[in-house]
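Enquirer: Take a look at the letters that make up each chain.
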Amino acid sequence: MVELVIKDLYAGYGAVTVLNNVSIDVPNGQTVALLGTNGNGKSTLMRCISGLIKAKSGTIELREEDGSTIDLTSASPQEIVEAGVAQVPEGRRLFPDLTVEENLTLGAYRQAARATLATNLEYAFTLFPRLAERKTQLAGSMSGGEQQMLALGRALMSDPRVLLVDEPSVGLAPILVSQMIGKIGELSQSRGLTILMAEQNFNQAIRIADKGYIIVHGEIAFASKDATDLRENDMVKSYYLGA
Amino acid sequence: MATFIDLLLNALVIGILLGGFYAALSIGLSITFGLLDVVNIAHPTILVLGAFIAYILNTSLGIDPILAGLIATPFFFVFGWLIYQVYYNAFEKSGSESLRGLAFFFGLLFIIEVGLIIQFGVDHRLVEAPYIGESWNIVIGEEIDVAIPFRLLVAFVVAAIATLAIQVYLTRTFFGRAVRAVAQDMMALRLMGVDPIRVKRIAFALGVATAGIGGALMIIVLPIEPSVGRLYIGNVFAIVVLGGLGSISGTLLAAVIIGIAESIVATFFGPSWSPAVSFGILLAVLALRPEGLFGKTAGAH
Numbered sequence: 169m170v171e172l173v174i175k176d177l178y179a180g181y182g183a184v185t186v187l188n189n190v191s192i193d194v195p196n197g198q199t200v201a202l203l204g205t206n207g208n209g210k211s212t213l214m215r216c217i218s219g220l221i222k223a224k225s226g227t228i229e230l231r232e233e234d235g236s237t238i239d240l241t242s243a244s245p246q247e248i249v250e251a252g253v254a255q256v257p258e259g260r261r262l263f264p265d266l267t268v269e270e271n272l273t274l275g276a277y278r279q280a281a282r283a284t285l286a287t288n289l290e291y292a293f294t295l296f297p298r299l300a301e302r303k304t305q306l307a308g309s310m311s312g313g314e315q316q317m318l319a320l321g322r323a324l325m326s327d328p329r330v331l332l333v334d335e336p337s338v339g340l341a342p343i344l345v346s347q348m349i350g351k352i353g354e355l356s357q358s359r360g361l362t363i364l365m366a367e368q369n370f371n372q373a374i375r376i377a378d379k380g381y382i383i384v385h386g387e388i389a390f391a392s393k394d395a396t397d398l399r400e401n402d403m404v405k406s407y408y409l410g411a
Numbered sequence: 008m009a010t011f012i013d014l015l016l017n018a019l020v021i022g023i024l025l026g027g028f029y030a031a032l033s034i035g036l037s038i039t040f041g042l043l044d045v046v047n048i049a050h051p052t053i054l055v056l057g058a059f060i061a062y063i064l065n066t067s068l069g070i071d072p073i074l075a076g077l078i079a080t081p082f083f084f085v086f087g088w089l090i091y092q093v094y095y096n097a098f099e100k101s102g103s104e105s106l107r108g109l110a111f112f113f114g115l116l117f118i119i120e121v122g123l124i125i126q127f128g129v130d131h132r133l134v135e136a137p138y139i140g141e142s143w144n145i146v147i148g149e150e151i152d153v154a155i156p157f158r159l160l161v162a163f164v165v166a167a168i169a170t171l172a173i174q175v176y177l178t179r180t181f182f183g184r185a186v187r188a189v190a191q192d193m194m195a196l197r198l199m200g201v202d203p204i205r206v207k208r209i210a211f212a213l214g215v216a217t218a219g220i221g222g223a224l225m226i227i228v229l230p231i232e233p234s235v236g237r238l239y240i241g242n243v244f245a246i247v248v249l250g251g252l253g254s255i256s257g258t259l260l261a262a263v264i265i266g267i268a269e270s271i272v273a274t275f276f277g278p279s280w281s282p283a284v285s286f287g288i289l290l291a292v293l294a295l296r297p298e299g300l301f302g303k304t305a306g307a308h
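So the protein sequences, as listed, match chains A and B.
Here the numbering used here is used: the first residue of the first sequence is 169, the next is one more, and so on.
Here the numbering used here is used: the first residue of the second sequence is 8, the next is one more, and so on.
The shape of chain A in the complex, shown without the other chains:
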């Protein structure tokens, strides 16, 4: 049981502030969609949660079932991974000169995940049988769809409680986008993962989202109450679809 809570977050690069007063709540076991077109701050938020860039102000916390909290706001990327937060980064960011299996194994670098390496590897191969077929192949030589599978599998190897997925649909053919989103939905069901997924593809994202946020110019323009609200609220259409 864990909940990701982001409050009043300001962050950016150098003197430039990208995120303005962002508050997001990802309840335990839910899949929350972070919707918005390119350049509105989705990846900046993802990087900030993973500790790759530091927040200027505001807080990022994990709330445990027993009421205790882990403050991630000024934690290092290593500490954040150790706390059970993994990310599938935008553009996949695989290690192209390493094999599929080596990429997966690197995902299990954190101490807690090393003990369960074999089980998690088995799970990744069951989730994506294609990865098992290609385990000795170099990651850089695979197709876009296979690379996205590998990126997702690699993130799961760290045995996360919270999974951040940044733009899983980018660069994929429509049929693969649909499969990939389906797999992420499956994951939240079968593993009880708490997922924050940044996506441009509104129609695909709402298939699996329990609720959603729309981010415009680094600010949360709309927060849905639940899945139905996200699909049907007229505000969504006006902000996101420009209608």
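No lab work stands behind these hints: they were computed from the structure.
Over the 12 Å line for every Cβ pair with chain B, so calculated as not near, a few chain A residues:
no.: 1; residue: Ala183
no.: 2; residue: Phe370
no.: 3; residue: Ser406
Calculated pairs, SDA-like style, for lysine to any residue (alpha carbon to alpha carbon, straight line, at most 25 Å):
no.: 4; chain 1: A; residue 1: Lys222; chain 2: B; residue 2: Tyr95
no.: 5; chain 1: A; residue 1: Lys222; chain 2: B; residue 2: Ser103
no.: 6; chain 1: B; residue 1: Lys100; chain 2: A; residue 2: Ile221
no.: 7; chain 1: A; residue 1: Lys222; chain 2: B; residue 2: Gln92
no.: 8; chain 1: A; residue 1: Lys303; chain 2: B; residue 2: Phe182
no.: 9; chain 1: A; residue 1: Lys222; chain 2: B; residue 2: Lys100
Built from N, CA and C at the ideal position, the CB exists for glycine as well.
Fit chain B to the known structure of chain A by using the hints.
Expert: Here is chain B on its own, set in the frame of chain A:
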């Protein structure tokens, strides 16, 4: 005819053994330059420093040079750690490593070399061990016999063990895999919970630590003087590039190829041609197959 076969066989055997020796000199650079993209042009001179440490321990305490190399290894690890710390803070952190970093390692090369000259002068030094000077003669036929010098055989065996150990470490351990990944995508490594700077620091230190054993082999194979390192720059860079950047087994094979090529050229055309071999091969590789023998083509290099 018998003389020709005799010469060829001997050149081949010496070439293979020489290749093992070159592998021991190149393996550290294969890590620092091949895997970490740090152009440590001072590597051969750091090896010479290792050779002088083996020399001191051997002549003053009578310690076997190989053992002396092992004793020196942890000190070279610390030395490499410090070098990377300076390099990182002064250049890599601000992204100005390419040209200034090269100048830094050139400076390091001259500081070590001049330091050694001040301390030891420019005379050639050598070590003593039971296997130096001995050789093993194998008679194959009339007027054909192959001589295997023990000093080269020792170098070959030690190099093969070191190469294998490093290969296993880089492919079978979590840390080793992180070393192989670090130049490919530092941000992705951070997302795996790895501190890439720590990985680079330790891996660089490991690469420099090979100068303990490598330096000892250097002085076992040939008498040395402080500026001898410069002669090896072409050799070791040609080997690392030919082997394919970052490929440890490729480095071993490339070293043997260059060893054989040099030995054959030296036998049939005269030793003065042998320095041209590695530079010739280096140019040919860069022109024809820049990824090297075992280089990856899909990579981000």
